[in-house]
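**Q** Taken in sequence, the protein lines are chains G and V. Per our numbering, residue 47 is the first one in the first sequence, and the count goes up by one each step. Per our numbering, residue 56 is the first one in the second sequence, and the count goes up by one each step.
No lab work stands behind these hints: they were computed from the structure. Note that beta-carbon positions come from the ideal geometry of N, C-alpha and C, so glycine has one too. Please note that a few of the clues may not be correct.
To be verified - Simulated DEER-style distance windows between Cβ atoms:
#1 G/Q511 / V/P65: 41 to 49 Å
#2 V/S152 / G/Q105: 54 to 62 Å
#3 G/F163 / V/A100: 49 to 57 Å
#4 G/R121 / V/G142: 40 to 48 Å
#5 V/G181 / G/T465: 42 to 50 Å
#6 V/T104 / G/Q304: 43 to 51 Å
#7 G/F354 / V/L157: 38 to 46 Å
#8 V/G142 / G/V310: 22 to 30 Å
#9 G/S488 / V/G142: 46 to 54 Å
#10 V/N185 / G/D321: 44 to 52 Å
#11 V/D156 / G/S424: 48 to 56 Å
#12 G/I67 / V/S152: 53 to 61 Å
Claimed, not checked - In silico EDC-like links for lysine to aspartate or glutamate, alpha-carbon gap of 20 Å or less:
#13 V/K67 / V/E208
#14 G/K384 / G/E399
#15 V/K67 / V/D91
#16 V/K68 / V/D225
#17 V/K171 / G/D387
#18 G/K384 / V/E208
#19 V/K171 / G/D383
#20 V/K126 / G/E367
#21 G/K302 / G/D335
#22 G/K302 / G/E362
#23 G/K384 / G/D335
#24 G/K302 / G/E367
#25 V/K171 / G/E362
#26 V/K211 / V/E180
#27 G/K302 / G/D383
#28 G/K157 / G/D176
#29 V/K68 / V/E99
#30 G/K384 / V/D91
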Amino acid sequence: MASDRVLRARPAEGPFALTLIESNANRLYCLNQAAEDQGLNRGMSYSDARAFAPSLISQPAHPQADERFLVTLRRWATRYCPWVGLEGRDGLVLDVTGATHLLGGEAALIKDIHQRFARAGITVRVGMGDTRGAAWALARHGGGVAAPGQMLEAIGNLPVAALRIEDATSLALQRLGLRTISDLSRAPRASLARRFGASLMLRLDQALGTQPEELSPLAEPPHYGTRMTLPEPIGLTSDVMAGTSRLLDQLCAKLKAQETGARVLTLTLRRVDQDSQQVELRLARPLRDPHRILPLFQRGVDAVDAGFGIDQLRLEATQVEPLPVQQLSHVATGRQDKLDDLITRIGTRIGLENVQRFLPADSHIPERSFLIAPAAHSRPEPGWGTPRPRPLILFAPEPIAGTGAQPPRQFRWRRMSLTTGRATGPERIAPEWWLSDENWRSGLRDYWHVETRQGRRLWLFHTPQSPGWFVQGEFA
Amino acid sequence: MTDTPIPYYPPKKHRTHEVCGAGAVFFALVLAARLDGPVIWVREAWQGTQLTPSGFHPILDPAHLLIASAKDQTDALAVTEEALRAGAVSLVVTELSKPLDLTAGRRLQLAARDGKATALALIPEGMGSNAVETRWSCAPVFDPQDSTHQRWELIKNKSGTLGVWDVRWDHSARRIAVVPPVGQRPGSTGAPG
């Protein structure tokens with residue numbers, strides 16, 4: 047299946063294999079029919095395979111992508127029956143009980159599966175039986191449909207490996223001369239159970255239907271999307287908002303059932319001319335309250351060009367976060383809610399990441415003593431405190447004329463002639479050697495709090511290692 | 056509170072005000088602390104100066120402050136209006152680089168009234184708008200004994216008289232205290248630009 051997935055994206059002629067590095071050896075992970083015909087098999091080392099088939103084309107395998115692909119196939123397979131589960135790393139198991147007549151019988155169903163997979167370029171082997179074990183055996187070894195109630199006849203001739211048992215067990219059984227399932231079923235059970243454990247007998251009974259086996263279908267992931275198709279196109283903002291309001295009610299009910307809140311919402315408006323426009327709303331915190339979300343859409347909807355009219359609205363929560371139900375409290379939270387809504391509204395104009403807050407950081411470098419974080423993704427933190435006063439504003443260091451370790455008596459800064467009235471310092475700050483910062487290449491800095499007779503209170507520093515004076519900040 | 060005998064301070068709530076001069080940031084921070092509530096500080100992203108929380112935390116708790124960096128003055132004004140109208144914050148501080156026209160000034164005034172929030176614009180010297188309630192000019196003053204001395208000058212007032220006050224920041228009480236003006240010293244005439 048994995049090689050089919052890759053070949054679908056980029057077809058290649060001839061033998062093809064995916065390789066995966068397992069326990070320090072590069073081994074074949076999945077290969078196509080042409081490669082199997084040349085005598086290669088799964089688990090073979092890649093260099094051996096190259097020796098057998100010099101024309102082998104290979105690619106590294108990507109098991110996570112295969113897994114996602116299998117889940118996609120599983121979702122697709124719900125077209126045959128509602129109960130579909132995953133079987134191993136490349137199989138699906140369908141409980142088609144009571145669903146076959148919809149496609150005209152079991153044979154027609156299997157034919158349909160074969161046709162559709164062939165069209166998609168995926169090799170498939172199908173087996174069907176009364177029990178999951180029998181279906182597995184047929185799918186992996188031969189294929190076909192087992193007649194109802196005749197499992198032993200259908201799978202009796204298959205090798206014992208078809209029973210979903212370990213390789214070592216099946217090898218040992220073959221050495222004992224029990225090659226097929228019918229051999230095994232005729233052998234005395236007690237001694238087999240003593241020799242191989244109860245699991246072998248369990249697998250046999252499950253395949254033959256004397257022991258039940260459950261099938262666990264994968265749960266459908268919740269889908270947070272709603273849509274509305276209109277008989278007549280609409281164009282007024284108020285109409286679109288009314289439609290959005292209806293969709294939002296449905297969506298929020300879904301969100302509430304799952305105890306989640308939407309973080310990003312996308313409203314897609316399809317116009318009569320098949321063009322579609324999207325309104326994206328990023329919320330400052332997860333929400334599922336339609337009355338609060340609806341007004342936030344106003345600005346985006348206003349900007350939409352309705353053209354000849356809109357005939358379909360689709361609302362989807364593209365990013366959701368858990369939002370557990372909370373106990374109502376007597377402490378008013380209205381103001382915080384309003385503030386979050388305000389952050390959202392401002393965020394729709396200037397971008398949510400441009401609404402920021404300060405967080406304390408652990409550094410003695412003045413410009414790194416705080417962090418600027420997006421307000422929507424952070425909470426205020428306490429912990430402000432500096433041993434020495436710091437300026438109210440900082441800017442990039444501006445050089446001034448000055449020599450020596452003491453602050454200059456007189457200097458010019460920003461075209462102002464300033465006289466030092468009082469200087470407090472120095473406070474020596476060393477660069478953080480573990481970070482390479484261009485601005486701190488000049489080495490140590492001796493900071494001075496200089497109060498000028500003209501009034502301005504500046505933060506000057508002197509760099510003794512490459513002499514120079516700079517202004518970097520201003521106090522109150 | 057009667058901590059400050061400055062008339063017209065704190066400036067009228069739910070109105071727009073302006074402040075200019077070298078002490079404008081200090082004025083804005085002190086006012087934000089006084090009004091006690093969330094504050095949004097709107098600035099244009101290109102500006103090179105950086106407000107330093109490690110410096111202003113004795114005046115205003117940085118947790119109360121949100122920064123909105125807008126790409127130009129149009130966006131900054133839109134954000135200011137939005138924030139004023141929302142009624143979620145007590146003060147919106149906007150750093151302006153160009154003078155406001157009457158329409159923009161009036162819009163901010165109406166938004167402040169509707170949202171019950173105060174607006175304060177930090178303006179360059181001499182670029183005031185006619186729509187504001189008061190305009191202050193603030194500058195630090197050299198004082199050999201005290202390094203928080205400021206001179207606040209009320210240079211426009213729609214509903215009262217003008218005046219000049221010398222103030223200092225009282226660290227222990229976390230508020231402004233009025234001090235007698237320092238004598239004429241060499242170089243202390245007026246704030247340098």
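**Q** Return the numbers of the hints above that this structure violates; sort them in rising order.
**A** 5, 11, 16, 18, 20, 25 and 29
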